[in-house]
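Engineer: Letter by letter, the chains look like this.
There are 2 protein chains.
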Amino acid sequence: MEQLDLSYIILVAILAGLGCAGLLTRDILRRDQGNEKMKEIAAAIQQGARAFLRRQYKTIALIAAVLAVVFAAALGYEKGLDFGLHTALAFALGATFSALSGFIGMQISIRSNVRSAAGSLKSFNDALVTALRGGAVSGLSIVSMSLAGIAILFYGYGGGSATTSTNMDLVVLELVGFGFGASLVALFAQLGGGIYTKAADVGADLVGKVEAGIPEDDPRNPAVIADLVGDNVGDCAGRGADLFESTAAENIGAMVLGVLLFPYFGFAGVIFPLVARGFGIIASIVGIFIVHAREDEAPMSALNRGYLVTTILAAILFGFAAWAMLQPGTVAGSPTADPNTWIFYWLCGIVGMIVAFLYVWITQYYTESRYRNVRGIAKASETGPATNIIEGFSVGLEATALPAVTVAIALLVAYWLGSVTNIPNGGLYGTAIATMGMLSTAAYILAMDTFGPIVDNGAGIAEMSGVSDAIRKNMDKLDAAGNTTKALTKGYAVGSAALAAFLLFNAFLTEAGVKSVDLAHPETFVGAFMGAALVFLFSAFAIRAVGHAAWSIIKDVRDQFKEHPGIMAGTEKPDYGRTVDICTRGALREMVVPGLLAVITPVAIGLIFKFVHITYVLNTTTGLLEPLKAGEPVGGTLMVGTIAGILMALVLNTGGGAWDNAKKYIEAGNLGGKGSPTHKAAVVGDTVGDPFKDTAGPSLHILVKLLSTITLVMAPLLL
Amino acid sequence: MEQLDLSYIILVAILAGLGCAGLLTRDILRRDQGNEKMKEIAAAIQQGARAFLRRQYKTIALIAAVLAVVFAAALGYEKGLDFGLHTALAFALGATFSALSGFIGMQISIRSNVRSAAGSLKSFNDALVTALRGGAVSGLSIVSMSLAGIAILFYGYGGGSATTSTNMDLVVLELVGFGFGASLVALFAQLGGGIYTKAADVGADLVGKVEAGIPEDDPRNPAVIADLVGDNVGDCAGRGADLFESTAAENIGAMVLGVLLFPYFGFAGVIFPLVARGFGIIASIVGIFIVHAREDEAPMSALNRGYLVTTILAAILFGFAAWAMLQPGTVAGSPTADPNTWIFYWLCGIVGMIVAFLYVWITQYYTESRYRNVRGIAKASETGPATNIIEGFSVGLEATALPAVTVAIALLVAYWLGSVTNIPNGGLYGTAIATMGMLSTAAYILAMDTFGPIVDNGAGIAEMSGVSDAIRKNMDKLDAAGNTTKALTKGYAVGSAALAAFLLFNAFLTEAGVKSVDLAHPETFVGAFMGAALVFLFSAFAIRAVGHAAWSIIKDVRDQFKEHPGIMAGTEKPDYGRTVDICTRGALREMVVPGLLAVITPVAIGLIFKFVHITYVLNTTTGLLEPLKAGEPVGGTLMVGTIAGILMALVLNTGGGAWDNAKKYIEAGNLGGKGSPTHKAAVVGDTVGDPFKDTAGPSLHILVKLLSTITLVMAPLLL
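Line by line, the protein sequences give chains A and B. Per our numbering, the first sequence starts with residue 1, numbered consecutively. Per our numbering, the second sequence starts with residue 1001, numbered consecutively.
Misleading hints may appear alongside valid ones.
Straight-line distance between alpha carbons at most 25 angstroms, and here's what the computed SDA-like set of lysine to any residue pairs gives [what the hints assert, rightly or not]:
hint, chain 1, residue 1, chain 2, residue 2
1, A, K209, B, S1676
2, B, K1515, A, S516
3, A, K122, A, P219
4, B, K1573, B, E1036
5, B, K1515, A, D126
6, A, K680, B, K1680
7, B, K1515, A, T620
It should be emphasised that the hints constitute simulated quantities derived from the structure, not laboratory data. Quick caveat: nothing in here was measured; it's all calculated off a predicted structure.
Excised from the complex, chain A in its bound form:
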């Protein structure tokens, strides 16, 4: 059959996504903000969060501007001024949109939190729906903006009228800057926010719970507002930027591979990833609006129902898009494509959706107290903190195996399905389609994710404003569900990074003109080794940064207690702002080194091997020996760095989540309950897990994708 042009779906989805986000925002802002006490606390959180983001974006803008100029100059020198400017413009747009995503996510979150707390005064369902709608605003606007940014640039740079694969390739290559800009901002946003949130959390806990013996979220603790601010700047703004750049980078990578199939699919193969994303947004909107918790229902089962609806709808729409667009033409002198090509690619998309489901399930298996892993950690806490740490770390390490095997099988199946079409490079495109399938539910997942910090904040506000025990319990129930959704999203984010790794790698090879990345060449081996070492060093810096920043908070809180004895007595108000300020400065200072390390390493590998030649390989066309292209070692860095990064992120996310829930399991009254020595041991594990799961782990997702986008941007320089 003839291909149908579905590109209008992109515009429809963007408008629908942003429109719904707007409607939901209006709905939320109309809701009640609770009593004066609540408003006061919320105002303090809002002030702190805005101050942090303002300063953070200033720092990031400076770094981004320098990099934009450097890359634009280098690319302009190599490929002409136009190309350099287009890439720089795309970079600027990606960076701006990414920052805007984080900003929107945070703005809505700091408004939903207090309204969710106020809603809990009315009914449990009111609190839940407010928080979920707040999350949905983030999810929908972020994913829509990612799609909008790419679409604007693609059509703006002439992709709509490109008629040859060479022209199309040039347009798509110019888009790459958008992904790089997005991931650069995301890296710093997640690093800075992640350091902030965990430094405040660890600092507040150590000096409050441990030293002063006051409960969590006690208003006498000067670090308590900083802790609540942290949930917004780390979890909301950080993860928002993370999934913004994921969807952007993977869309662009898929488009690069789509160009390879230009002879068969033409324009449709390049635009298919965007249409698939568009349908995903529409499916997510339905899923979000369908969620209504029944009065006596556990919050997670309502959320899961929405996820299921979204996935089924996305699968159907995906099939329709594949049927309409992926109908191959015939190409003279090339193999004839299988007429059922669209079915194979539809199946690829479903493979991706299955991977998403499996990752969500595996994450639960390793981090929920229903299963043996978390219980094992809790049990190990009986012999003290050391055995708690040993057991938790083993769980984290073990939790890499199933996800790795899942992605490996999915990748091989998708590649095989794509190969069966008989289209050259069809297998590669199959892996890209699988990634599109996995990410089609991104908006819904992101809504669930942002739900987490909103209810976390809501519970804190409720606690600090002195609500009744019954209401506090309801908010704690929501908070627990929020912890689960946050963990699941991290699993989903790692899974998508893992599945996308191969496609982004191949996009890089295509653009860098490298045919193979052969580990038998010493330069490539060295590049690979450095890629893996980068992951370890980056993790070291990210984890340590939390310790350093936490230290300055502990010092400040101790000083406040000493200078104003009235604080502990409850007669004097602590200076929350001072602690927020110290935490902000600490986090921003600490994010620079790991961030720059991630940017500089691949560039340095590329530059070194552009000029230092050790291996000479035979060019089969000319019959001459020529130095190994720098793209090969950079490819090694990218690929092995990605493998190591994904595994390390799994260790850190899962270990951290499991420690957290082992502590909660004990607090629920098992093995001695709260206050027992077993509980004290479990608190140590939870604290160790904090920077693992909320700073280093999520930052590694972004590092992995930054490696892809930065190498893609560099590709023309390595030719």
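Go by the hints and put chain B onto chain A.
Structural biologist: Just chain B now, kept in the frame of chain A:
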């Protein structure tokens, strides 16, 4: 000039090494065994250690026999009966010699420990020299046996009369079984011994120091003998088997590459690695006999002097061997080699020796309390165990960067130096020569290493037999030096694994007939991903095994205290044997799963991709598409598994060592000293570090080399 035949040096070195080991053994056995109390304790240790080794070797022999039959049958089916039998015989010899190495190391160690303690009653120097000589017996006999085994097989299989490179290749390929046998035994020896030693250590500490409040090495603790037995079976037997297989595997790998240069160097290029090893043994003998501590000297400075002498002498002898043997002939139709070829290869050897020095220095920088890292961990303990763990883990992660960069530079330089000779594959041979250079001081390093557990045991015996405070202090001083040498050896072992990785990888490619390992093929990417995941899962199992085995000891000790209240009162003797027995059974049970995982994973990858074909590649000779060879994904597993394994081993070894020394730094009276809350926090880190640095870390060195030898053995099956 003409090549000289230096192959007689191999025989001279083996005889000299074994002869000196014999002389030193006689010297040690003549020494005084101290008072009755000391003899009694030593007898208990000896009994426990022998019982463990006997049972362990039975288990290993069973596993090895099954594997030998399977591999011999598969290889015999594929390449003829003779080849299969030769490989199986080599495997059996490698396994036997490796076991023998561990056995000798342990036998001499359990005799030197009490004599060193007894020597301390006379003079400090007497204790030091006894322990060092005990270590030297291990070092010399292990390295000599490794050389002897390869030489016997090489000449026995007709390597001495092979006149073509094809014949020579077949002989060398049959040797590969020796390396596989050695690494298989080493893996189980290190795993079993490592689990035993740390389960006993952790168990004894938790139940003794923490629960019962009695000091370390207190004779009332039923686990105290198990703890002392552990030093022998883990550190002595385990590390002995580790370095035995390192030297064996790397020699064989270098010989495989030497065959590639057969046209230029003939026999000399293949035998050079063995001659270089022979000279290394001779240099080490001189170094060992030169060490005499001056009366007031720190033990480490005496040991370092010996190391320096060994290195300088080895460098000179290496140059002589290169000059005598590496004089290239001319080959019709091939490039003319540079007449200074031997100088370039000499420099390669020196590069290897520099790497050894740098690794020793880097290890010290990260694990000694003179430097900022350990002090940072100690400082972080002031805010409790959680910050201690966070800081220590960061140090471990950070400690991967410098070693990775060092090996990367060394590899590129050695490859470049080898390429300058103008000989095809000369660069590859250069990396092999660098590894030979690094390992030329192995016998001396191993002597220093085994010194560690001997003085550790000696100090325990002295403590338990109630010597005076002055003597106990002297033994503690030696014990501290022993901790340093153990850490350095681990650094050296990782370094040699890292440097050897590339050569062993290329040896595999040569034998598997694989030209490239291209990460752009999905199977290869999957193989690589699985290799890295294997490292994480293996670490999880190894670390958790310690926890499980420790748990059974804690239970037994608690039971003994409860059943016999007289033990704590000092009126009744605990049943040491029962705890030793429980620990033995626990360790052997726990070693099986991680051990088999390491063996099965690469075999499974090979089998799967031998039969499942997804990518088809163009054969440039036939012009046809053919399925990707299974050697490629297996190569990916090998190489990326090796990279991940080395980095993870560095994290675990360094983190563990740094935690240990942070605790010691506090115990020396800093930051509150022994018994303070800071010290308690540091003890948690030390306990966490135990399974890291003494079980999982060292087992990973062997895993990495097992991956090399098992893939080399499998290579003919993947063709």
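Engineer: For each hint, tell me whether it holds in the structure or not.
Structural biologist: Here's how the hints hold up against the structure:
{"no.": "1", "hint": "K209/A with S1676/B", "result": "20 angstroms, holds"}
{"no.": "2", "hint": "K1515/B with S516/A", "result": "12 angstroms, holds"}
{"no.": "3", "hint": "K122/A with P219/A", "result": "24 angstroms, holds"}
{"no.": "4", "hint": "K1573/B with E1036/B", "result": "16 angstroms, holds"}
{"no.": "5", "hint": "K1515/B with D126/A", "result": "65 angstroms, violated"}
{"no.": "6", "hint": "K680/A with K1680/B", "result": "14 angstroms, holds"}
{"no.": "7", "hint": "K1515/B with T620/A", "result": "15 angstroms, holds"}
Taken one by one, the earlier hints fail for this structure only at number 5.
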